[in-house]
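**Q** Residue strings, one per chain:
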Amino acid sequence: METVFSVKDFNLFYGEHQVLKNINIDIYKNKVTAFIGPSGCGKSSFLRSFNKMNDFVGTAHSTGTIDFENCDIKKIDAQSLRLKVGMVFQKPNPFKMSIFENVAYGLRCKGINDRKILEEKVQDALQKAALWDEVKDKLDQPGTSLSGGQQQRLCIARTIVLSPEVILMDEPTSALDPIATKKIENLIEDLRKDFTIIIVTHSMQQAACVSDYTAFFLMGDLIEYEKSKTFFSMPKDKRSEDYISGRFG
Amino acid sequence: MQKLKDKFQYSLMIISSLIVFSFFGYILLFIILNGYRHINLTFIFSTDAAHGILSMIVATLIIVIISVIVSVIIALATAIYLSEYAKDHFLKTVIIFSIDSLVSIPSIVYGLFGLAFFVGTLQLKFSILSGALTISIMLLPVLINTILEALKTVGNDLKASSYALGANKSQTIFKVIIPEVRDNIFTGIILSIAKVLSESAPFILTAGVVAKMPKSIFSSARTLTTHMYLLISEGSEKNAMQLAFASGTILIALIVLLNLSVNYIKTKMGGH
Ligand SMILES: Nc1ncnc2c1ncn2[C@@H]1O[C@H](COP(=O)(O)OP(=O)(O)OP(=O)(O)O)[C@@H](O)[C@H]1O
Ligand SMILES: [Mg+2]
Numbered sequence: 001m002e003t004v005f006s007v008k009d010f011n012l013f014y015g016e017h018q019v020l021k022n023i024n025i026d027i028y029k030n031k032v033t034a035f036i037g038p039s040g041c042g043k044s045s046f047l048r049s050f051n052k053m054n055d056f057v058g059t060a061h062s063t064g065t066i067d068f069e070n071c072d073i074k075k076i077d078a079q080s081l082r083l084k085v086g087m088v089f090q091k092p093n094p095f096k097m098s099i100f101e102n103v104a105y106g107l108r109c110k111g112i113n114d115r116k117i118l119e120e121k122v123q124d125a126l127q128k129a130a131l132w133d134e135v136k137d138k139l140d141q142p143g144t145s146l147s148g149g150q151q152q153r154l155c156i157a158r159t160i161v162l163s164p165e166v167i168l169m170d171e172p173t174s175a176l177d178p179i180a181t182k183k184i185e186n187l188i189e190d191l192r193k194d195f196t197i198i199i200v201t202h203s204m205q206q207a208a209c210v211s212d213y214t215a216f217f218l219m220g221d222l223i224e225y226e227k228s229k230t231f232f233s234m235p236k237d238k239r240s241e242d243y244i245s246g247r248f249g
Numbered sequence: 250m251q252k253l254k255d256k257f258q259y260s261l262m263i264i265s266s267l268i269v270f271s272f273f274g275y276i277l278l279f280i281i282l283n284g285y286r287h288i289n290l291t292f293i294f295s296t297d298a299a300h301g302i303l304s305m306i307v308a309t310l311i312i313v314i315i316s317v318i319v320s321v322i323i324a325l326a327t328a329i330y331l332s333e334y335a336k337d338h339f340l341k342t343v344i345i346f347s348i349d350s351l352v353s354i355p356s357i358v359y360g361l362f363g364l365a366f367f368v369g370t371l372q373l374k375f376s377i378l379s380g381a382l383t384i385s386i387m388l389l390p391v392l393i394n395t396i397l398e399a400l401k402t403v404g405n406d407l408k409a410s411s412y413a414l415g416a417n418k419s420q421t422i423f424k425v426i427i428p429e430v431r432d433n434i435f436t437g438i439i440l441s442i443a444k445v446l447s448e449s450a451p452f453i454l455t456a457g458v459v460a461k462m463p464k465s466i467f468s469s470a471r472t473l474t475t476h477m478y479l480l481i482s483e484g485s486e487k488n489a490m491q492l493a494f495a496s497g498t499i500l501i502a503l504i505v506l507l508n509l510s511v512n513y514i515k516t517k518m519g520g521h
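Just so you know, the protein sequences line up as chains A and B, in that order. Taken in order, the first sequence gives residues 1 to 249; the numbers are from the numbering used here. Taken in order, the second sequence gives residues 250 to 521; the numbers are from the numbering used here.
Same shape as in the complex, but just chain A (with noise of 0.2 Å):
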């Protein structure tokens, strides 16, 4: 099975407080990879460090490596890496712009503006997103007159439009009414042919019925990372077990 990221020995700190201990985990291609756990573990900040998104914020810095396609991270540059590993928030948050250019957005920001081209690849991110059929008589119109859902799935079609590798997604569904959820599960299933993707979710069975691998995650540890299959049918740590039945968290 093929690795899209190597992660070794890796810690986080934001200044002196430590928020991930020593990790260490391979996230395979083409797989959806749930990180579950309770609130405050680390896994915002861990999905962070996937595209430098932790750069951002002035007290973060870490140890160890995380290798993207056999490349440490740090040699890569933040902007080509958050090309290949796109970033689909909690809220969905579409720019002030049209739902067209909302999608065209990452495009014409490398400089892409052959209209041609946008809007072809503008369709294909909209279709892959299933959103195409909802907006293709609107495209002119506000990102922001949509419905939540469909507002996520435009920001989904937004990251997908630049062809990444890797999408990370963190509680994408977590604003969302339960119909709109059900339909950006779906999506994940079908984006899983050509996108690697890591979710995290705090709803255990979602991170069931989605992902092929979950990692638990708790106060910085990883305490387990399996096939979800097994991981929810029989957790091997005590830990995961009390977590999955409810007990703490």
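Just so you know, nobody snuck in bad clues.
Heads up, simulated EDC-like pairs for lysine to aspartate or glutamate below, C-alpha to C-alpha not over 20 Å straight-line:
1) B:Lys408 <-> A:Asp77
2) B:Lys418 <-> A:Asp55
3) B:Lys336 <-> A:Asp55
4) A:Lys84 <-> A:Asp26
5) B:Lys517 <-> A:Asp140
6) B:Lys408 <-> A:Glu171
7) B:Lys408 <-> A:Asp55
8) B:Lys418 <-> A:Asp77
9) A:Lys91 <-> B:Glu429
10) B:Lys515 <-> A:Asp140
11) B:Lys424 <-> A:Asp140
12) A:Lys91 <-> B:Asp406
13) A:Lys52 <-> B:Asp406
To be clear about the criterion: a stretch of chain B counts as covered by chain A if any three or more of its residues have a C-beta under 8 Å from a C-beta of chain A, and this derived list gives those stretches:
14) 401-410
15) 421-435
Since the hints were made in silico from the structure, they are not lab data. C-beta atoms are modelled at their ideal positions from N, C-alpha and C, and glycine is treated no differently.
Since the structure of chain A is already known, use the hints to place chain B with the ligands on it.
**A** Here is chain B with the ligands on its own, set in the frame of chain A:
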């Protein structure tokens, strides 16, 4: 009981809005009724100051345009710098404190500064440009504050989303952050226009009082408000009061027109 209370509150709201509106309407009507008899084509289009006010309208419009453009650009740059770039917290606090203090300085002081600096040191003489630059400085503190407050409401996630799509800082600022505060900038512009139109003292000290059609931005000129002030204080015309009311009516029309154009530009720019 609750229903009665609701009704009471509702009628209170209606009554207070009516009072405010009738005051406003009364003032407006008073000015227009006193002024309209003097307004005719000669009054508006004659460039000869004794009969018409075209030169003042033109001078006023040019000053509005220059000062709004200059102050919005500088205010935007300052606010962006303060909120997106400035790291030194002490320096930032000092700058923001100074900006806050500048808000409450009376306009005549800005006029004096303009007289010394633009008219004197920079040798711009009494001119439209001196007046416009002076008033630009006066507009800056409020504009900077308006934009800064708006920038504070732009979510970190939104900026992060832009960076996560491989955008750099300037792309994020120009394509994502500024559009978020666009509406606030337009509100700032409308307030600024109102302020420019209402000032007279700083213009007397910097643009001068020459009641002739300005040849360029380096000519001395008289704004509409200055004209009204001088008409009444000099009292050299025998129907000075009526002329002042007539100018006031034109000024009101100008305000409405300018606000409409700003709103038009705002919607044209895709104000969703
Ligand atoms: N920008 C920051 N500066 C300093 N400390 C931070 C920062 N972001 C997170 N932390 C701290 O790091 C720890 C882990 O936070 P993180 O957001 O990664 O947790 P999480 O597992 O995503 O939690 P949640 O499930 O609530 O989202 C917390 O103790 C938090 O207070
Ligand atoms: Mg989190």
